[in-house]
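For the protein sequence lines, the chains are R and Y, in the order given.
Residue numbers 1 to 113, in the working numbering, belong to the letters of the first sequence in order.
Residue numbers 114 to 223, in the working numbering, belong to the letters of the second sequence in order.
Be aware that a few hints might be false.
Stated by the list, open to error - When the alpha-carbon atoms are kept at most 20 Å apart in a straight line, the in silico EDC-like pairs for lysine to aspartate or glutamate are as follows:
| no. | chain 1 | residue 1 | chain 2 | residue 2 |
| --- | --- | --- | --- | --- |
| 1 | Y | K122 | Y | D151 |
| 2 | R | K58 | Y | E211 |
| 3 | Y | K170 | Y | D186 |
| 4 | Y | K157 | Y | E172 |
| 5 | Y | K157 | R | E88 |
| 6 | Y | K157 | Y | D169 |
Please keep in mind that the hints were generated in silico from the structure rather than gathered at the bench.
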Amino acid sequence: AQSVTQLGSHVSVSEGALVLLRCNYSSSVPPYLFWYVQYPNQGLQLLLKYTSAATLVKGINGFEAEFKKSETSFHLTKPSAHMSDAAEYFCAVSDQNTDKLIFGTGTRLQVFP
Amino acid sequence: NAGVTQTPKFRILKIGQSMTLQCTQDMNHNYMYWYRQDPGMGLKLIYYSVGAGITDKGEVPNGYNVSRSTTEDFPLRLELAAPSQTSVYFCASSHSYEQFFGPGTRLTVL
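Taking the hints into account, I'd like the entire structure generated from these sequences.
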């Protein structure tokens with residue numbers, strides 16, 4: 001069975017600081033991994049995805065994530081936080097045989113001026 | 114190209130009432146999904162469909178039903194609303210492992 005664990009339900013950073021949101025996965029088969037962002041009162045939007053090509057994946061809005069098989073991790077980073085990055089972020093995993101996603105419980109990012 | 118649309122945006126139901134949440138996509142995607150989102154719980158899959166006429170249960174299907182008569186539409190039916198079904202409901206469709214989400218329906222059952 002696949003699962004995703006997001007460490008930290010809330011993360012706070014200052015504007016201009018590094019953003020690091022953690023995601024660890026469990027999967028018995030090679031996973032596909034995703035980060036989605038949800039702004040208040042909106043649906044989820046894909047930030048980036050790993051589908052077994054390059055292990056460092058670049059997404060929208062300056063975010064990137066690195067797939068580390070040895071650590072079963074797919075942490076999301078951004079070098080410099082912007083106020084507009086304040087949102088909830090979800091990590092998700094699927095396998096190569098289905099489009100179904102298993103979501104983590106989410107991390108709410110707050111950005112302070 | 115509207116993507117995934119959901120109606121209504123908000124709804125308040127009394128216990129025992131029924132309703133249908135509508136979902137339509139115009140991207141010709143075969144895969145469609147219904148999720149519910151509760152605070153601190155992430156998204157849980159209720160039902161999904163791999164094409165017209167084919168549906169299957171997800172993680173939390175009890176109390177819900179779906180149908181998929183066309184590629185575009187994937188309505189979710191609540192037959193006897195219960196307070197435990199108070200949640201935000203998201204419909205999604207997918208292509209090449211990317212899911213596209215609708216704006217959600219906020220449902221309160223009192």
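So, going through the hints one by one against the coordinates:
Pair hint K122 (chain Y) plus D151 (chain Y) holds up; C-alpha atoms about 16 Å apart against a cutoff of 20 Å. For the proposed pair K58 (chain R) and E211 (chain Y), the alpha carbon gap of about 15 Å is at most 20 Å, so the pair holds. Simply put, K170 (chain Y) and D186 (chain Y) have alpha-carbon atoms about 17 Å apart, close enough for the 20 Å limit, and the pair holds. Restraint check: the Cα-Cα separation between K157 (chain Y) and E172 (chain Y) comes to about 6 Å, which is no more than 20 Å; the hinted pair holds.
Among the hinted pairs, K157 (chain Y) with E88 (chain R) is consistent with the structure: their alpha-carbon atoms are about 16 Å apart, no more than 20 Å. Using a Cα cut-off of 20 Å, the hinted pair K157 (chain Y) and D169 (chain Y) holds, with the two alpha carbons roughly 14 Å apart.
The structure is consistent with each of the numbered hints, conforming to all of them.
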